[in-house]
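Chain Z is already provided as a structure; the job is to place chains V, E and H with the ligands on it using the hints.
Protein chains in written order, with our numbering: chain Z, 1 to 335; chain V, 1 to 335; chain E, 1 to 325; chain H, 1 to 325.
If you are wondering where the hints come from, they were derived from the structure by calculation, not from laboratory data. Don't take every hint at face value.
[As the list claims (entries may be wrong)] Here are the computed lysine-lysine pairs in the BS3-like style, where the Cα-Cα straight-line distance is at most 30 Å:
1) H/K259 x Z/K41
2) Z/K295 x V/K295
3) E/K164 x H/K164
4) Z/K120 x E/K323
5) Z/K327 x V/K295
6) Z/K212 x V/K295
7) E/K110 x E/K323
8) Z/K262 x V/K327
9) H/K110 x H/K323
10) Z/K289 x V/K289
11) V/K3 x V/K41
12) V/K295 x Z/K262
13) H/K164 x H/K110
14) V/K41 x H/K164
15) V/K295 x Z/K334
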Amino acid sequence: MPKKSFRQALNEALHSEMARDPSVIMMGEDLTGGAGANGVKDAWGGPFGVTRGLLDAFGAERIRDTPISEAAFIGAAAGAALTGLRPIAEIMFVDFAGVCLDQIMNQAAKFRYMFGGRAKTPLVIRATYGAGSRSGSQHTQALYPIFTHIPGLKVVIPSNPYDAKGLLLQAIRDDDPVIFLEHKMLYDTVGEVPDASYTIPFGEARVVRDGKDVLIVAIGRMVGVAEEAARQLAADGISACVVDPRTTSPLDEETLLDVAEKIGRIVIVDEANPRCSVATDISALFADKCFDALKAPIKLVTAPHTPVPYAPNLEDAYVPTPEAVAKAARSIVKR
Amino acid sequence: MPKKSFRQALNEALHSEMARDPSVIMMGEDLTGGAGANGVKDAWGGPFGVTRGLLDAFGAERIRDTPISEAAFIGAAAGAALTGLRPIAEIMFVDFAGVCLDQIMNQAAKFRYMFGGRAKTPLVIRATYGAGSRSGSQHTQALYPIFTHIPGLKVVIPSNPYDAKGLLLQAIRDDDPVIFLEHKMLYDTVGEVPDASYTIPFGEARVVRDGKDVLIVAIGRMVGVAEEAARQLAADGISACVVDPRTTSPLDEETLLDVAEKIGRIVIVDEANPRCSVATDISALFADKCFDALKAPIKLVTAPHTPVPYAPNLEDAYVPTPEAVAKAARSIVKR
Amino acid sequence: MSGLQLPQDKLVEVYRNMRMIRRFEERVMDEMATGDIPGNTHLYAGQEASAVGVCLHLSEDDYISSTHRGHGHSIAKGVDIDSMMAELFGKASGTCGGKGGSMHIADLRKGMLGANGIVAAGAPITCGAALSAKLLGKNHVAVAFAGDGAMNEGVMSESFNLAKIWMLPIVFVIEDNGFGEATANEHVSAGSFTRRAESYDIPAIEVDGTDVFRVYEAAGEAIARARNGGGPTMLHVHVPRYYGHYSGDPDNYRTPEEKAAMRRERDCLINFRKRVNEVSLLDAAELDAVDQAVEAEIDRAVAAARAAPFPPLSALTTDVYVKYL
Amino acid sequence: MSGLQLPQDKLVEVYRNMRMIRRFEERVMDEMATGDIPGNTHLYAGQEASAVGVCLHLSEDDYISSTHRGHGHSIAKGVDIDSMMAELFGKASGTCGGKGGSMHIADLRKGMLGANGIVAAGAPITCGAALSAKLLGKNHVAVAFAGDGAMNEGVMSESFNLAKIWMLPIVFVIEDNGFGEATANEHVSAGSFTRRAESYDIPAIEVDGTDVFRVYEAAGEAIARARNGGGPTMLHVHVPRYYGHYSGDPDNYRTPEEKAAMRRERDCLINFRKRVNEVSLLDAAELDAVDQAVEAEIDRAVAAARAAPFPPLSALTTDVYVKYL
Ligand SMILES: Cc1ncc(C[n+]2csc(CCOP(=O)(O)OP(=O)(O)O)c2C)c(N)n1
Ligand SMILES: Cc1ncc(C[n+]2csc(CCOP(=O)(O)OP(=O)(O)O)c2C)c(N)n1
Ligand SMILES: [Mg+2]
Ligand SMILES: [Mg+2]
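In isolation and in its complexed conformation, chain Z is listed as follows (with noise of 0.2 Å):
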């Protein structure tokens, strides 16, 4: 199979969409780079090259390069989506969401509830998260729980190349307002990604790695932290098995139970703040649902409850590390 990095699985989704699809447009700002300039157009495909090419491919009547209004274009995208278009719609860093929560939260995730299912609203919002950029506090933010904690929203989460591609196409294929993440640091990250289009259904985890002493949940990035943190567990005769939820919401609660019932041994990885976090969320499922199996206590690897810092030092030690998995399995499998 072809290998392609994560950036260009999702270029992919989103080229083979668009021409499947004459709804689907894009909003955002900087989508191409140059937009009214006098040099290069389509200058940057996108701050962080994942729109590459769409400019040339469909157009600037499709691909909307719009002002820094984030409330403004989300809640277009939202409007359009309510009215016949399915918009995909970029905030450049989900910080930014800050900006425009009303329209995520209030209005897109809650039309169809509060118009009693006659409404449908199928939206992608595209967003940058995570810290290692060395860029600080408000540009490195993972803020998943907070997506994954409103009603009406679908949260995803893609760890790898393939899955970003199958994922995005799902997004976009769904009928409900999407919140699709995309970790600044995988984007450089190849795998193996089909050319053909394929989907990959929400609420439908991936065991990553079988093993039968502990069990680490991770999310995102983390995904690659707690394999090698099982590569090193591994080193010293402990078998972890690996899943990877790859949407928040829904969350696969089935396939969690059912690896947890049979190792009861559990530590979640998640690069978020760790009050009201999706670990924390994913603890309480299995504290509440196979209490029998647990045999040690559930174990969260998180950032600190603490901003993003600006220092390299500082920022690599607010990230989850292997060693710090490797240890907190340890913890629980030694006892």
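Chains V, E and H with the ligands only, in chain Z's frame:
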């Protein structure tokens, strides 16, 4: 001790603190009611009557009726807090945080950290929350999981008039940004409230009721629901302990763990939506830190993963009931 | 074209819709008193000429968005009053199956994108509907209704800018009733609303919202511009608010005198009757007949709403998603 | 008063500050290439006359807020370049102890309320500082710097309105470099920025930001108005942006020709030298001496920053709260 309503307790705290400290100011929409009009001044005393009389006592320079511009006046309150004032800003319904979250999450909450500890932001944001008022999906949310998730914020959720006064006084004197949440359905509840000023430190849970068979942790309006459930349980010989964290950030882990260790059976009651909630947060705390003392699954009684419906029968079904709490408790006590 | 040149049946429709809104709101106020309508509502009484004068230019395929004060816009856009009344009572037969309530009445089949509990939130949503109309190549337009208070929400300004640079077929109708809740507009709004719109090169028209013919004419110009690819227009419509901000508002920040004068001198229904009578287009008898018909419709709507069942408890957890798991 | 009537030492200070900002940014660009400055930075080179011409009117007790492109404003407001450079390197000796970085440099002792990673977010914060100045009865003013792109964020409009109705001692300085990131301002901004401010009855002045004397004069008028209780003013300052949007930007959406012309014809330092030379206020030798002094200061700052230690790991969890538990 004199009996006062929740509303009156808050009003007293505002009066006494503004009299004590000239740097305290307030801003919000219809904080007085009738600003610029020809009729009665301070006509509303605030949308819920909480700020009545402050205009008379302290004047329009300190009691500021704002335009409908939450982002601007919450940001202004944050900026004023950075520069020598101690503003109390009111968001009429916490649901409206959607239009000003950036100023709360990326600005006020992060100033001190981003600035390397060289700033303080003594800001209080008061907001009403909660279901029960037949107001539909956009005026009834809890949303405190979102604020609890955000480092740099403190989150206060009083459950009774006595705590309301003591916690609000602490909030105003506190040097960090505080989200102070008032449940609409509690304003008319009455309790003993001293006339004198007193503060209740943050991060100190209250043991509302002692008991040995099951621990019920409840937040805000749910504390009363938990107490009623405890009475019902007592009737069939089950002794329930009820604990009110009072602040979700900081959270009094020590008291919660102490009680949980002794009892080992836990129900958590939370009016917020269930995903990534304070309920899951506290459950995860127990599943990690007092796992060996747990005798049964940790049960969560929360709102469903839906917006708040308008129809009275549906809204009543949305909010956790004493019956549901008692049922959850029985399910883990009898096993 | 001047509203007075409207065909007879249209004139009657205008009057009927204004009366229907007025009586709907008055009746809702009465029913609130019985305690059978849950919560609170924001009544549109006094502002009828704005919704009716604008919506007369619209078809079911055109879009409107509304505010927390949305009954009038819904009725003017053709939403059925039986289901609206049922919605207010929280019944299963309501426009939203009882799940939305007064602040969330929406009917997409009629191009009504929803009342909205969040001030100004409808503006960008309506830009999106206008974008759909534009890209899906239909010749439809979208109208965003908002209040004077909404003009101070940033998303309003953002929407002006977006609508202009994208040349969207949209009209912003700012209904200025002088108040945002209990606060007078002058106390919180700087400058001029028309100049705010004009600063984005959006043409703005100030209109007396107690004269449905004036509204009709201004809206006609604006909507024609939108249909012909001329982009957005803003209407600043001055209207009286008959009741308090919401049904429970004592409204004591306004003097009895000014409220009496308002109803005496700024009533769109009285004005209409005067105008059509002057030019003897419709006689009083015809209009009285309309009043009676309206009364009967509203009685029926209330009776049906009262008789209807609440939604089944199962409705609590449906309609959150088209499909979740 | 005309900037050219400034005393000699002030004139030198103006030049020194502009040169300091220019060289600071050029040096940061060089240091970025070594890979030792983490992340990316937004460089202020080309826009110096705006920050310097405005801040010359301010004391340490006056407030400013800045943007993601904040180095120039910080230097102009008197923030020490050693700690700024150290902050960019992420060192413990940085303005924010290395925890903030380029987009969050703040120094409250100097009245610098912070660069900001969120476009337009500084505007309301600065309204709050202006409110403090007003209520605490000091005669101080606050200046909010923002870019052309920021004019399309709703909170900007909200801040205009709030500043006017509260008659705050504030000046909004909109630095229009023609771009928001890679997107041309004309492509995304409707109407006129000065008319946007004027629509709130805020006086607005359009200024050539390559001429520090023009900026100084316009800012003088605005700040005097603020100090005298006259409320807000908006300055629309046209400036060139020498580098790409951020240090890693290929900037290929601008032609080499236009970039060359920009540097040739719109350089505030060249202009300054020409002006003071024409009226023979300062001779080249004096200015060359300033250049050398600046060079030495920057060398020292970089050397110190490189030598400084990173923050201790314990710093990760401090400064989140004044006191938590
Ligand atoms: C974002 C937001 N802020 C505040 C409110 C509370 N609120 C509801 S209606 C209203 C007044 C709106 O005034 P205006 O726009 O003039 O509409 P009117 O009520 O006069 O029709 C306010 C402040 C809200 N619903 N949403
Ligand atoms: C709310 C928000 N949206 C988008 C961004 C991403 N962003 C950073 S700088 C920038 C362009 C700002 O343009 P302008 O205001 O003209 O300032 P300039 O960079 O030209 O100095 C954008 C879009 C952001 N930081 N914050
Ligand atoms: Mg109004
Ligand atoms: Mg710019």
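Worksheet item: Which hints from the list above does the structure break, by number from lowest to highest?
Response: When the structure is compared with the hints, none of them turns out to be violated.
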